[in-house]
Amino acid sequence: MPKITYIDPQGTARTVEAEIGSTVMENAIKNGIPGIEAECGGACACATCHVYVDEAWRARTGEPSPMEEDMLDFGFDVRSNSRLSCQIKMTAELDGLVVRTPERQG
Amino acid sequence: MNAGGTEPIKTDVVIVGAGPCGLFAVFELGLLDIKAHLIDILDKPGGQCAELYPEKPIYDIPGLPMVTGDGLVKALMEQIRPFGPTFHFQDMVLTIEKIGDPAFRVTTEQGKVFECKAVVVAAGGGSFQPKRPPIPGVENYEAKSVFYAVRQMEAFRGKNLLIAGGGDSALDWTLNLAPVAGRLTLLHRRPEFRAAPDSVNKMMALVKEGKIDLVIGQVTALEGAAGQVSAAVVKLNDNSVSTVACDAILPFFGLTMKLGPVADWGLRLKDNLIEVETASFETNVPGIFAIGDINTYPGKLKLILCGFHEGALMAQKAHGYVYPDKRLTFQYTTSSTSLQKKLGVG
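Protein chains in written order, with the numbering used here: chain A, 1 to 106; chain B, 1001 to 1346.
A hint or two may mislead.
[Said to hold, decoys possible] Here are the simulated lysine to any residue pairs, SDA-like style, with alpha carbons at most 25 Å apart:
#, chain 1, residue 1, chain 2, residue 2
1, B, K1074, A, G41
2, A, K3, A, V16
3, B, K1302, A, I33
4, A, K89, B, K1258
5, B, K1235, A, F76
6, B, K1235, A, R58
7, B, K1258, A, G32
8, B, K1270, A, P34
9, B, K1056, A, S22
10, B, K1235, A, I33
11, B, K1235, B, G1224
12, A, K30, B, G1224
13, B, K1235, A, S65
14, B, K1302, A, G32
[To be verified] Calculated from the model, a selection of chain A residues having no Cβ within reach of chain B, i.e. all distances over 10 Å:
#, residue
15, K3
16, D8
17, A56
18, G62
19, G106
Rather than coming from a laboratory, the hints here were simulated on the basis of the structure.
We treat Cβ as the ideally placed atom computed from N, Cα and C, and that holds for glycine.
I would like the entire structure built from these sequences, with the hints used as guidance.
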């Protein structure tokens, strides 16, 4: 199974296995990764699953949709590599994906 | 109390929250001749369905392969119409006081007072409150120079005002307060706005005329003292840092859910959820029920369909409180002429 690594603001890395088709948010919640709240449950209706995609992976995860950009307005310290993790679906190509969690969720 | 001579509104049941479960509770209560008033902090029915995902599809409502949040709310409103529920929007229940056995006095933030036989807490994830912007230390300025709502436009006359956000609230208040404020700056993290295109065009026209300023960036810190802000530190999109002088800030970062006063009603809570028994979804206080996402019991699932079921069972027990001397006969809407009469189809 593809792997995702979550790095928290203190630099601690946590790697989990993710099923293809599942979202980066779902895998965080399932594995109890701190720093991802997902208040709305994955409906792209809040900004509490905000992550920074590692620069090396940005081309493969793609850019946020207009709706996701709208929701990112509610995030904290939004950067050019900001994504909502509920909107990133795992594929075989994303095996090894690295995301960083922000200091706080919006 | 804060009744202040207000005549209490007498009704059978007060429902706290007008989300899908609160709405369907009106139906189940109505079939048993129980009248209800609903109180909700939003300005419309539907709760999370209306506020968080009006256009998103829901696939697990029995009998409806796909329905949007908005569609479900519209259908529920249609379904409960025969029972004539009374809605009290943009208000929040503050206290529930026991005045009988059971009977309750319910008071709201707007000063309304209700007297009822039973209370149904259908408050979902709690009440929607303005989201606190993710700015360190912002709480020190709240209600003094940082405001999440405009109660009186006059309070901002002549002020050097900073409005943050890119949705309808931010844009509407920018347009309304531009003639009132001494100077107004609108701050948003990107050049695209979520707000209605017409408002965006009007705002851009004001920028062009030099009447307001538009800054693209994010507030990272506030400067000021004793609750009075003097400037906002803004990170611009090229990562440079700038300050915007201001003496009042209006951040509009949407809504979030907070448990709020629910915690003060003497109900037994577990992890911020109300514990209920599963025969009638009654709380530890006889006469106060909790249905939908706000409750917890062994096996609980936060599904709208579960909240509907909980409302049906709740109504059976509530009937005994509202009509202690009446025998309750279980009936089906398909065959009961008396139920059909209530529904206006008989």
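Status of each hint after checking the structure:
{"no.": "1", "hint": "B/K1074 x A/G41", "verdict": "holds (23 Å)"}
{"no.": "2", "hint": "A/K3 x A/V16", "verdict": "holds (6 Å)"}
{"no.": "3", "hint": "B/K1302 x A/I33", "verdict": "holds (22 Å)"}
{"no.": "4", "hint": "A/K89 x B/K1258", "verdict": "violated (29 Å)"}
{"no.": "5", "hint": "B/K1235 x A/F76", "verdict": "holds (12 Å)"}
{"no.": "6", "hint": "B/K1235 x A/R58", "verdict": "holds (22 Å)"}
{"no.": "7", "hint": "B/K1258 x A/G32", "verdict": "holds (22 Å)"}
{"no.": "8", "hint": "B/K1270 x A/P34", "verdict": "holds (21 Å)"}
{"no.": "9", "hint": "B/K1056 x A/S22", "verdict": "holds (19 Å)"}
{"no.": "10", "hint": "B/K1235 x A/I33", "verdict": "violated (29 Å)"}
{"no.": "11", "hint": "B/K1235 x B/G1224", "verdict": "holds (18 Å)"}
{"no.": "12", "hint": "A/K30 x B/G1224", "verdict": "violated (42 Å)"}
{"no.": "13", "hint": "B/K1235 x A/S65", "verdict": "holds (23 Å)"}
{"no.": "14", "hint": "B/K1302 x A/G32", "verdict": "holds (19 Å)"}
{"no.": "15", "hint": "K3", "verdict": "holds (30 Å)"}
{"no.": "16", "hint": "D8", "verdict": "holds (17 Å)"}
{"no.": "17", "hint": "A56", "verdict": "holds (20 Å)"}
{"no.": "18", "hint": "G62", "verdict": "holds (18 Å)"}
{"no.": "19", "hint": "G106", "verdict": "violated (5 Å)"}
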